[in-house]
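Top line first, the protein sequences correspond to chains C and D. Following numbering that gives the first Met the number 0, the numbering of the first sequence begins with 0 at its first residue and continues without gaps. Following numbering that gives the first Met the number 0, the numbering of the second sequence begins with 0 at its first residue and continues without gaps.
Hints are computed from structural coordinates only; laboratory data are not their basis. Among the hints, a few may not be true.
Simulated pairs of lysine-lysine, DSBU-like, Cα-Cα distance not exceeding 35 Å [stated by the list, open to error]: (1) D:Lys103 - D:Lys93; (2) C:Lys59 - D:Lys93; (3) C:Lys59 - D:Lys161; (4) D:Lys103 - D:Lys77; (5) D:Lys173 - D:Lys103; (6) D:Lys10 - C:Lys215; (7) C:Lys14 - C:Lys92; (8) C:Lys215 - D:Lys161; (9) C:Lys14 - C:Lys59; (10) D:Lys161 - D:Lys103.
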Amino acid sequence: MSLNVDRAGMAFTFKGGMLPMTVMELASADPEQIREQLSGKLSQSPAFFQHTPVVLSVEKLDEPHLALERICAVCRTHKLLPVAVRGGSDPVKQSAWALGLGWFPPSDGARSRALEEVPPIEPVREAEPAAATPTASGGRIYRGTVRSGQQISAPEGDLVVVGAVNAGAEVLAAGSIHVYGALRGRALAGIHGDTLAGIFCRELRAELLSVAGTYKRMEDIDPHLLGSSVQVTLSDAQLGITALD
Amino acid sequence: MAKIIVVTSGKGGVGKTTSAAAIATGLALRGNKTVVIDFDVGLRNLDLIMGCERRVVYDLVNVIQGEAGLNQALIRDKRVDNLHILPASQTRDKDALTAEGVEKILDTLGKDFDYILCDSPAGIERGAQLAMYFADEAVVVTNPEVSSVRDSDRILGLLASKTRRAERGEDPIKEHLLITRYNPARVTEGDMLNLDDIREILAIDLIGLIPESEAVLRASNQGVPVTHDDSSDAGQAYMDTVSRLLGEDVPLRFHEMQKKSLLSRMFGGGRR
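With the hints as extra help, turn the sequences into a complete structure.
This is the structure in structure tokens:
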């Protein structure tokens with residue numbers, strides 16, 4: 000009945016995934032100026048510059064011809080790996096391809112935030128920071144209902160929510176997420192790539208589940224599991240949802 | 000000092016102004032000196048619901064901008080002695096509201112009144128945020144349908160973070176759930192969310208349940224808050240709500256389907 004593809008014989012499979020990616024929004028096309036600023040940053044936070052993949056965004060630049068090769072070289076000497084270019088004119092696209100980089104169309108609108116202004120995984124102010132108590136292990140415990148529009152995160156460990164996560168709310172953790180209540184919003188565990196992280200909840204109604212970038216939408220979840228107490232783990236690069244009782 | 004209560008919801012059209020008018024009227028009828036303020040600058044409605052639209056001279060924005068004194072702008076209700084209305088401006092922009100101006104007005108009113116009700120505009124923009132910012136208690140008006148419940152959830156998040164009490168780390172705002180337009184028959188048929196589901200999602204105390212009622216529409220169009228219609232189910236439900244706000248323990252009514260009596264079935268009369 001089913002498409003019986005011989006898995007052992009396949010060299011690869013294509014998978015959709017969401018990976019965290021740093022976008023380097025260029026405000027200047029001058030490689031020397033970029034070099035200067037990068038040197039300053041490197042001394043401030045050396046941990047960030049470990050062959051970190053970056054996407055060079057040239058949307059804000061109005062230069063049809065770009066010294067792309069020199070800019071990439073500057074990045075590499077500072078341990079940043081340009082993997083793609085976003086935006087720019089046709090010649091920019093051609094030279095990106097010539098350099099073996101990918102090209103992305105310009106982003107739609109102002110959705111991307113400046114990394115330095117808004118750290119990506121800090122709880123937003125609405126999230127009642129006081130209510131999320133940090134634990135000694137680097138995780139956090141949040142008591143109460145996480146409401147629509149709120150975001151609660153544990154950037155360094157597990158997140159425990161003693162209450163419900165409502166539709167339109169988002170919970171994130173570097174480690175696992177435990178919800179002692181209904182999970183109706185979005186839950187993203189292993190946001191730094193921890194594939195052993197899991198999501199555990201008392202009542203599954205989630206809009207989105209993600210472990211280390213592999214995700215499932217509510218549509219993809221077996222309807223029989225909705226409403227039950229489950230654990231969500233990653234096995235063979237697939238999200239597995241199993242009932243707990 | 001007066002107790003400041005914001006009536007809010009996020010979603011529009013769920014009955015905020017109707018509820019603010021009805022609760023303010025009820026509080027005044029119970030002997031509390033009450034003022035109700037319309038924060039919906041540019042889309043004012045409270046004056047119509049309270050039936051005082053012909054007596055508006057100055058408004059909230061005039062007072063904030065120093066063009067009129069507070070006493071000049073306050074309208075005394077014709078039906079209840081203890082009740083005053085501070086209308087919104089219909090011509091100005093929402094940006095005319097400032098936090099300092101609102102605070103000053105609330106401080107002044109606080110000395111004279113027992114209760115200040117703030118009728119919030121829909122949405123989560125400036126007007127809504129200022130209406131809730133100084134509040135001690137909040138009545139979150141919710142209809143038994145999913146989008147209203149989600150918007151109320153969003154508002155509850157804001158109440159817990161974007162208010163003076165939250166910013167100063169004081170005791171949190173007391174949050175009350177008011178369910179309006181509840182129709183037990185349609186809940187039974189599955190057309191509407193039921194009471195328990197709403198309470199479970201929003202996880203706050205229920206202060207009242209107002210049944211869907213013809214009396215509400217009639218009251219709005221006549222400019223007489225439905226609380227005055229004490230023979231109607233909605234009027235009684237609002238009065239119950241007021242009693243609970245005053246700390247009394249009143250059993251819940253109108254949440255179950257009522258069997259029609261033989262007489263009403265014979266004569267085809269519905270509930271008023």
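Legend entry - Violations among the numbered hints, reported as their numbers in ascending order: Going through the list in order, the structure violates no hint and respects every one.
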